[in-house]
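From first to last, the protein sequence lines stand for chains X and W.
With the first letter of the first sequence counted as 1, position 86 gets the number 86 in this note's numbering; the numbers rise by one all the way through.
With the first letter of the second sequence counted as 1, position 310 gets the number 1310 in this note's numbering; the numbers rise by one all the way through.
Derived by calculation from the structure, the hints in this document are not laboratory data.
There is no bait here: all hints are sound.
Label-pair distances were calculated between CB atoms; the ranges are:
no., chain 1, residue 1, chain 2, residue 2, range
1, X, 244, W, 1251, 44 to 54 Å
2, W, 1060, X, 300, 51 to 61 Å
3, W, 1255, X, 177, 52 to 62 Å
4, X, 177, W, 1323, 30 to 40 Å
5, X, 300, W, 1039, 48 to 58 Å
6, X, 138, W, 1182, 21 to 31 Å
7, W, 1323, X, 22, 16 to 26 Å
8, W, 1041, X, 244, 34 to 44 Å
9, X, 122, W, 1041, 41 to 51 Å
10, X, 190, W, 1319, 19 to 29 Å
11, W, 1255, X, 138, 34 to 44 Å
12, X, 20, W, 1138, 16 to 26 Å
Where is the CB? At the ideal position from N, CA and C, for every residue including glycine.
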Amino acid sequence: MPETTFVEAIAKTLATAMRADDRVIVLGEDVAEGGPYLATAGLADEFGRERVRNTPISEGAVCGVAIGAAQSGLRPVVEIMFIDFITLALDQLVNQAAKAHFMSGGQLSVPLVLRTQGGAGQRNGAQHSQSLEAWLTHVPGLKVVMPSCAADAAGLLQSAIDDPNPVVFVECKALYFRRETVPEPPEPVPIGRAKTLRPGKNLTIVALSRMVGEALEAADRLASKHGIEAEVIDPRTLVPLDLDTLAQSVKRTGRAIVAHEAVNAGGFGAELAAQLQAAAFDYLEAPIQRVGAPYTPVPVSPPLEDAYRPGAQEIEAAARVALDWGEYDAEPWEHGAIAAPQTTP
Amino acid sequence: MTPDSALDAEEAHELLRTMWRIRLFEERVGQLKRNLQVHGLIHLSIGGEGVAAAVCGQLRDDDAVYSGHRAHGHAIAKGAPINGVMAELMGRDSGLCHGVGGSMHLVDTGHGFMGATGVVGGNLPLALGTALTQHLKGTDQVTVAFFGDGAVQAGHFSESINLAALWELPLIFVCENNGMAEFTSREEHSTIERVSDVVAPYGFERTTVNGSDVPAVYDAFSRFLTEARKGKGPYLLECVTYRRRGHYEGDPEKYRDPVAEQEWAERDPLARMTERAIKQGWIDEATVNAIEREAAAEIEAAVAGARESPFPDPEIARSLVYA
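Chain X on its own, in the form it takes in the complex (with noise of 0.2 Å):
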């Protein structure tokens, strides 16, 4: 399998849907100039800057023209740099686009696909390191892919800029440089499907985009060090979840983690505990342990943020809190095993 970067997935996947279809278009801010991180790179070259339109720093407006395109017959990619400013779009997003089917009672709809990128760990700061993809999760009518490898990127933006609906496709940019391979041509990768990484019988961890790796490196630690067997399941998509293969797994585990980078207060992994455990209560021999980050904006200082960033560690902490569940006479974080809870102000 051809060797590739998260990112050249991206750009060879849109390469392919616009030679495949005149009606795909790439807009945002410097989309033309392959952009910060180079995901849209020789797009330009080949289709032209009236299919590939650069466009000022307008993310409301921007947002809406890629989604007035989709609903009047075009499938247009709209990229916002960088996550947090997605804040500047979600009138669009939230009352336009998720809403424009429902409201017209049918009559439109949104073939939409805004890509995005969020996360910390390159001293970018509180305004460029933000893991927001639960408010989106949030709303009805949207659709909600966050891909944690290139080869799932690849499949799943093809299948996202496929479907009838508007999709947000949240990638990561600490992914973004990595070398990995990817089929040629791609595998289609459906929406809704979660994809079952590790086999293990011990615990279940279900983890988030960046996550994914670091949850693999907690599973091989907890197999090498103490014999546990965890399963690390990759959910891909937010909205629609796949409730079914994960809650499949924690019957069959009877304990699990959800592990995100975003902050823990009001984010995905609470969606992904309170669902898991109406669909696996009886099931359950410990509360499912969720792995986020603490209730803080991301700072820059490197130790800072070094510390801010959840990882394996921290998922190897949960997963020894899950497993000796009712092991323990007092609290577990009075044992020093995991950070007492933080309650939200």
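Dock chain W against the given chain X, drawing on the hints supplied.
Just chain W now, kept in the frame of chain X:
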């Protein structure tokens, strides 16, 4: 009075017919709102019928129109069937959108009415998207975006005007400047009185007309439309109108003095157009009366039809979330 309007008798007849249908529709909806038979926030366009009729009356079904929250007149003028609009406001299954959209979210794609929008200014970027589609396909279709002077202070307006000018889209912005943004007069919202002045630096063609002078609106729009059909744009047509009713039905309107009947008679586009059309010999009084009677009958039939239509099956809400 504009002596040299391009209007002819047939067009004047059609304008009056559309204006009567909108006027009587809006008055009937006002009554139904007081009886709680239409639902939600209802914004009537009495006083603005001439703009809706003169603009939409020149468009084709395959031209697109976007509107805001005060949208009934635009939808009707663009060709949406009155029974479908009425049933939509009454929350019935035979409504344009099966009753799930309502007054602020009317859509009739078959007639190019791409949608009303409840968030002020939120329709403008969408209209750009449709105009971009027309531009990329190289058709002679145009898009019209209706908005009020209240939308001009919204961020979407500035972003959209800039983009439309930059990309030279076949888009005609039609501002109904009624001098009121919700409960507050324009001078409390902006130091710029004329919306056509707001967009002056962008360099595209713009004009301000008296929105109560229907032939003037017709002619000004006609000029822009001819150019937009060639793929040129954007254009901005500002129509100074008078909002006869409150911001919404039920608005106590404490913010303004009651209008003298004489002033309303001077600004009422329907009364002025009728007088003008008779004077010009475009129509006679008996025909105007017949138009009014026909419109009244059509609206009563729409109300009766909507009452007979069931409320939508609750399952429809779940089925419409995704395409």
